[in-house]
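In order, the protein sequences belong to chains A and B.
For the first sequence, my numbering begins at 1 and goes up steadily by one.
For the second sequence, my numbering begins at 1 and goes up steadily by one.
Fair warning: there could be bad hints in the mix.
Quick list of in silico lysine-lysine cross-link-like pairs, BS3-like style, CA-CA up to 27 Å [as the list claims (entries may be wrong)]:
no., chain 1, residue 1, chain 2, residue 2
1, B, Lys-47, A, Lys-172
2, A, Lys-100, B, Lys-112
3, A, Lys-172, B, Lys-57
For each label pair, taking beta carbons as the anchor points, the in silico distance ranges come out as [what the hints assert, rightly or not]:
no., chain 1, residue 1, chain 2, residue 2, range
4, B, Ser-304, A, Glu-198, 51 to 57 Å
5, A, Lys-201, B, Glu-188, 54 to 60 Å
6, A, Lys-281, B, Pro-60, 53 to 59 Å
7, B, Gly-67, A, Glu-8, 29 to 35 Å
8, A, Thr-112, B, Asp-295, 36 to 42 Å
9, A, Lys-59, B, Gly-147, 25 to 31 Å
10, A, Arg-280, B, Pro-37, 55 to 61 Å
11, A, Thr-112, B, Ser-300, 40 to 46 Å
12, B, Gln-299, A, Asn-228, 42 to 48 Å
13, B, Gln-299, A, Asn-139, 43 to 49 Å
Just so you know, the hints here were simulated from the structure itself, not pulled from any lab data.
Idealized CB from N, CA, C, for every residue including glycine.
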Amino acid sequence: MVHNLSEEKLKDLKLKANKIRKLVIEELSEAKSGHSAGSLGMADIFSAFYFHILDHNPKNPNYEERDRLILSNGHICPVRYAAMALSGYFPLEELKTLRKFGSRLQGHPHRTSLPGTETTSGPLGEGLSQGIGIALTANLDNKKYHTYVIASDGEHEEGNTWEAAMFAGKNKLSNLTLIIDRNNIQIDGNTEKVMPLEPLKEKYLSFNWNVIEVDGNDIEEFIFAIENALSEKSKPTVIIAQTVPGKGVSFMENDYLWHGKAPNQEETEKALLELNAIERKLNA
Amino acid sequence: MLNPNLNLNEKLFDNPEKVATREGFGQALVRLGKINPDVVVLTADLKESTKCEEFAKAFPNRFFEVGVAEQNLAAVAAGLGVSGKVPFIASYSVFSPGKNWETIRTTIVYNKANVKIAGHHAGIITGPDGATHQATEDLALTQSLPGLSVFIPCDAIEARKMTVESAEIEGPVYLRYSREKTPLITTEETPSPKGKVATFWTSEKPQVTIFATGHMVYYALLAAKNLEQDGIQSLVINVSSLKPLDEEGIIEAVKKTGCGVTVEDHQIIGGLGSTISQVLAKNTPAPLEFIGLRDVFGQSGEASELIKEYQMDEKSIAEAAKKVIKRKG
Chain A
1 MVHNLSEEKL KDLKLKANKI RKLVIEELSE AKSGHSAGSL GMADIFSAFY FHILDHNPKN
61 PNYEERDRLI LSNGHICPVR YAAMALSGYF PLEELKTLRK FGSRLQGHPH RTSLPGTETT
121 SGPLGEGLSQ GIGIALTANL DNKKYHTYVI ASDGEHEEGN TWEAAMFAGK NKLSNLTLII
181 DRNNIQIDGN TEKVMPLEPL KEKYLSFNWN VIEVDGNDIE EFIFAIENAL SEKSKPTVII
241 AQTVPGKGVS FMENDYLWHG KAPNQEETEK ALLELNAIER KLNA
Chain B
1 MLNPNLNLNE KLFDNPEKVA TREGFGQALV RLGKINPDVV VLTADLKEST KCEEFAKAFP
61 NRFFEVGVAE QNLAAVAAGL GVSGKVPFIA SYSVFSPGKN WETIRTTIVY NKANVKIAGH
121 HAGIITGPDG ATHQATEDLA LTQSLPGLSV FIPCDAIEAR KMTVESAEIE GPVYLRYSRE
181 KTPLITTEET PSPKGKVATF WTSEKPQVTI FATGHMVYYA LLAAKNLEQD GIQSLVINVS
241 SLKPLDEEGI IEAVKKTGCG VTVEDHQIIG GLGSTISQVL AKNTPAPLEF IGLRDVFGQS
301 GEASELIKEY QMDEKSIAEA AKKVIKRKG
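Chain A extracted, bound-state conformation (with noise of 0.2 Å):
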């Protein structure tokens, strides 16, 4: 990772997550299901990890030393597949394929349908677990690479997150990193409401976790924690987000009935409208 983040580097990502959610909007209007809310707003996070953050080669995507990320909520693949293919991992034309017959873009991810993704996922709770193993290959062999784990706040009512807290504490795993995407929402409405999760922070602090929270919709602040989270060498590091579920888009931000819902035509238009008037007052 380039610790040095320029203005003119950070402008390039506040760039890129903009493209990455007018991918999302065109992959999800052309699939007509998935989810929306999500994907658009972790496209920030997105952007800082595969044009910033992580070790990887999108040629060569199974190479051994690579930093893994694990995307253990699959239901926002879109916002993943639109940063591998915009990252070279394969053709921006492909993101037309999601959730079709024949295509390697699943409805959620499918380890072994797409190189890249590390995990298969979508049942909730068990990406930590999976990042847990990964980085205890790492210890055993010696090896530098980083794990990554993005998890939904919604998944933390899995009871399997909690087991997965619990032994990463335990084994003092700081080669892990967990990211919540704490949006507050879920399918049946507002998290706090379907299941009270704070206080999180503290939750973590118990489990002998080191805690950051940030805005995850700012790259800056976003980069700034992972970097203290890979000077960490006594624990695993969990970065809480928040995020604007919908990011970009008027009509989703911060409306839960977009967690499951894709854009129809319309919608899709007045959503790329919104992201084009964007990205002309990033480059003005």
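Please arrange chain B on chain A, whose structure you already have, making use of the hints.
This is chain B only, laid out in the frame that chain A set:
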């Protein structure tokens, strides 16, 4: 008579030595630890009863205690598996693959992670612990998962051999073990099954084919001996690999007799009986009788008491054999 070509235990009908199949698992782990540096073992607070202790002592840095957390057990192993390790996960079958079935489905099997799932304390012979701990549905849960191999060793020696061999298979495997000591049926010289069925009891003019799996092979052999005394000739086939299944071997064995009995310490729904029915229905329809749990849970008791109560003993098998012979057209 016992198949003379397979070097089976000569003392099988004369107070045979009894060893639990879980012991074979424990011995195999230690052997694997020595020959394969990528083998790692994980348990969910059942190190002693699943016989991981020796491995844990010999290879402490390759042993992981996850606590009473079977979902984490499966998914951590999946992560180890996709990154180059050969993880064995040990718990009771009721919990793994019982409690963590979907985790196994997604993160191990669909994900093609190279994980070996060791299901211990399977069957009603788990005994005094009661029905909560007697897994009698695990074969249905596992054999329905696409691409998951399912092995059921008949004794401790076969258990050791099959466990060692499972590490050589690239991909997920489920192995089923018992808590109770059961007779040694095979010997060191008995050839390893390697995915094939084996005829343990042969007759010149067999009238019925008895398919048995796991420790129930012993009861099937006792039944064959009793039937012989009643003038009825039979075949006993050890089915130690439920998946992949040696369909050819099964069809061939049934063609010799025209009828069969299936014998398993499992529900008769979704296990050996269902699977053999499917093979026969498609290839060579023949009457079948089923020995196993008939849509009921077990209860506390000694293994021998339970085997008798649920009509899975040699007498019940022999009766089923006589019945199915009569059903032949």
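Exercise. Between Lys-59/A and Gly-147/B, is the Cβ distance one that fits in 25 to 31 Å?
Worked result: The hinted range 25 to 31 Å holds for Lys-59/A and Gly-147/B, with Cβ atoms some 29 Å apart.
For this session: May I ask you to test the hint 40 to 46 Å on the CB atoms belonging to Thr-112/A and Ser-300/B?
Result: Holds, at about 44 Å.
Exercise. That 42 to 48 Å hint for Gln-299/B and Asn-228/A (C-beta), does it hold up?
Worked result: 57 Å, violated
Problem set entry | Range agreement (Cβ of Asp-295/B with Cβ of Thr-112/A, hint 36 to 42 Å) | About 37 Å separates the Cβ atoms of Thr-112/A and Asp-295/B, which means 36 to 42 Å holds.
Problem set entry | Hinted pair Lys-172/A and Lys-57/B, Cα distance within 27 Å | Satisfied, since the Cα-Cα distance of roughly 22 Å is no more than 27 Å.
Problem set entry | Verdict for Ser-304/B, Glu-198/A (Cβ pair) under range 51 to 57 Å | 55 Å, holds
For this session: Check the following: the C-beta atoms of Lys-201/A and Glu-188/B are separated by a distance inside 54 to 60 Å.
Result: 59 Å, holds
Exercise. How does the Cβ-Cβ distance of Lys-281/A and Pro-60/B compare with 53 to 59 Å: does it lie in that range?
Worked result: Holds - the Cβ-Cβ distance for Lys-281/A and Pro-60/B, about 58 Å, lies within 53 to 59 Å.
Exercise. Hey, Lys-47/B versus Lys-172/A, does the alpha-carbon distance stay inside 27 Å?
Worked result: 22 Å, holds
Exercise. When you check the alpha-carbon spacing of Lys-100/A and Lys-112/B, does it fall within 27 Å?
Worked result: 22 Å, holds
For this session: State, for the Cβ atoms of Gln-299/B and Asn-139/A, whether the hinted interval 43 to 49 Å holds or is violated.
Result: Taking Cβ atoms as reference, Gln-299/B and Asn-139/A lie about 45 Å apart, which means the hint holds.
For this session: Evaluate the given range 29 to 35 Å for the C-beta pair formed by Gly-67/B and Glu-8/A.
Result: Violated - the Cβ-Cβ distance for Gly-67/B and Glu-8/A, about 49 Å, lies outside 29 to 35 Å.
Going down the numbered hints, you'll see the structure goes against 7, 12, while the others check out.
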